[in-house]
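Listed in order, the protein sequences are those of chains A and B.
Per the numbering used here, the first sequence starts with residue 1, numbered consecutively.
Per the numbering used here, the second sequence starts with residue 1001, numbered consecutively.
None of the hints are false.
Simulated pairs of lysine to aspartate or glutamate, EDC-like, Cα-Cα distance not exceeding 20 Å: (1) A:378 with A:328; (2) A:110 with A:222; (3) B:1059 with A:62; (4) B:1032 with A:42; (5) B:1005 with B:1053; (6) A:317 with A:382; (7) B:1060 with A:62; (8) A:245 with B:1068; (9) A:245 with A:62; (10) A:85 with A:108; (11) A:378 with A:327; (12) A:366 with A:5.
Sample of chain B residues with no beta-carbon within 10 Å of chain A, all distances over it, derived: (13) 1002; (14) 1004; (15) 1006; (16) 1007; (17) 1028; (18) 1052; (19) 1059; (20) 1060; (21) 1063.
No lab work stands behind these hints, which were simulated from the structure alone.
Where is the CB? At the ideal position from N, CA and C, for every residue including glycine.
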Amino acid sequence: MIYFDNTATSFPKPPCVAEAMVKFMNDIGANPGRSGHRLAIESGRIVYNAREAVAELFQLADPMRIVFTSNVTEALNLALHGLLKPGDHVITSSMEHNSMMRPLRCLEQKGVEVTVIPCSQQGRLDPADIESAIQPNTVMVALNHASNVTGSVLPIEKVGLIARAHDLLFLVDAAQTAGVLTIDIEKDCIDLLGFTGHKSLYGPMGTGGLIVGERVDLNAFDMIKCGGTGSRSEHENQPEFLPDKFESGTPNAVGLAGLNASLRWILTQGVDQIRSHEIRLTKLLIAGLKTIPRVQVYGTLNAEQQIATVSFNVLGKEPSEIGLRLDEEFDILCRVGLHCSPASHKTMGTFPAGTVRFGLGFFNTKEQVDYAIAAIRKLAEEVK
Amino acid sequence: MNEPKYAVILVDSTSHAMRIERLLNSADIDCKMIPVPRQLSSDCGVCVRVRFDDVDRVKKQLEHDRVEFQVIYDI
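The shape of chain B in the complex, shown without the other chains:
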């Protein structure tokens, strides 16, 4: 099986997604805000997509910035 290419960070609200985007950008980690994939949640909001290879860095960065997020899924 191929490795997944992306992972998405699910968050409470768009404001939280914006904050994560800003923090990841300042840490030079690529990310993009996308609508939450339906298979993950019935929420109508956005989530933050990152490269699968960056997931460890992302986790470390968000822990460092003490930002809350719900979960990170591979897609």
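Looking at chain A on its own, in the form it has when it is part of the complex:
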């Protein structure tokens, strides 16, 4: 079996992830940050270790500025719903996933003004377009780091500088890039960074977080949930400090045990090593697909300018048919359709049918890529 759906979630995971989770369930199990007995402390220590590992990955000095959430969707919802008020203006791109677009459309109904900057058909964003969209009431730029459809990387460093120069908050959705591209919160002028644990961080589902930078005014940042935090229990009001203000309820400690293990694994492998492997495979895949008649590949067609996600179509066949036949006849698992991002497909001109998407990961090999190219060639030859 060939798993080419790493963009949806990475699989397999490094063995250390499941080991850490089994150890947590069998030997630790207690609620982190609540009681003071030794198992509760050990559980809290594991959650804290995960916080430190995230801080190390993103060059963050203070691990307390990491708010754990159940995934990047929750992180983006927290940032958007917590910070944007009616009358505020926010700028985003036409390559966003629905995890960004839907909360923005929801806020639009409540009086937040949203500008969607069109990207090119290849998924490229011109930072100058962001700058010219800035209005007196603009408070935030909210941007995908890399498209989950074409893999195109957006120029966050340049947009970050523009946002900073205009004193705007800069929110980055790193769902597809955390762990595979180097992200430096300080250097890239990022104020809020949403990440998920189960994609290129190789951790379990149900983990993720929002990094809250020092420029974010906590007094103007509303919670989207309140509840028990294990701190200040004598008060009925929510604590105002990080991370507790935004971390109510028992956390996914077993998931964070797994995330801690996967983050250590990434830090040991090195983000650059992972990236190089993925660039090698992506180059092969794009080059191979381009040689097949009637196959159209979307995006930048440049492995250096995208992540290991490649969208394509076999002209004359529906993406859904390709997906089913790859699964049933060739043992290749991938995702077809709109990939939760109608905006991207409208930008690319592939709405509403969508595309076939191969999402490669660290555990894929050159042989698998060669085999998949041969499979697509066979399917394309059927089209008369």
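For chain A, the structure is supplied; the task is to place chain B on it using the hints.
Relative to the frame of chain A, chain B by itself:
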């Protein structure tokens, strides 16, 4: 009166206690996380216990690392 043997550092949350534990450990200062003694706070969380003799070093270290804590009590 005997000198107290320990002091405890009260913090905002378990995460803060964990951070202090990690920083003190790296500075080779002994510490242990314990439930907050009831006479100090009605909070249900943990605090960090250090040796009374180490309190000055602890303060210096935490100031150096710019870590916030509420207060240090002798116990």
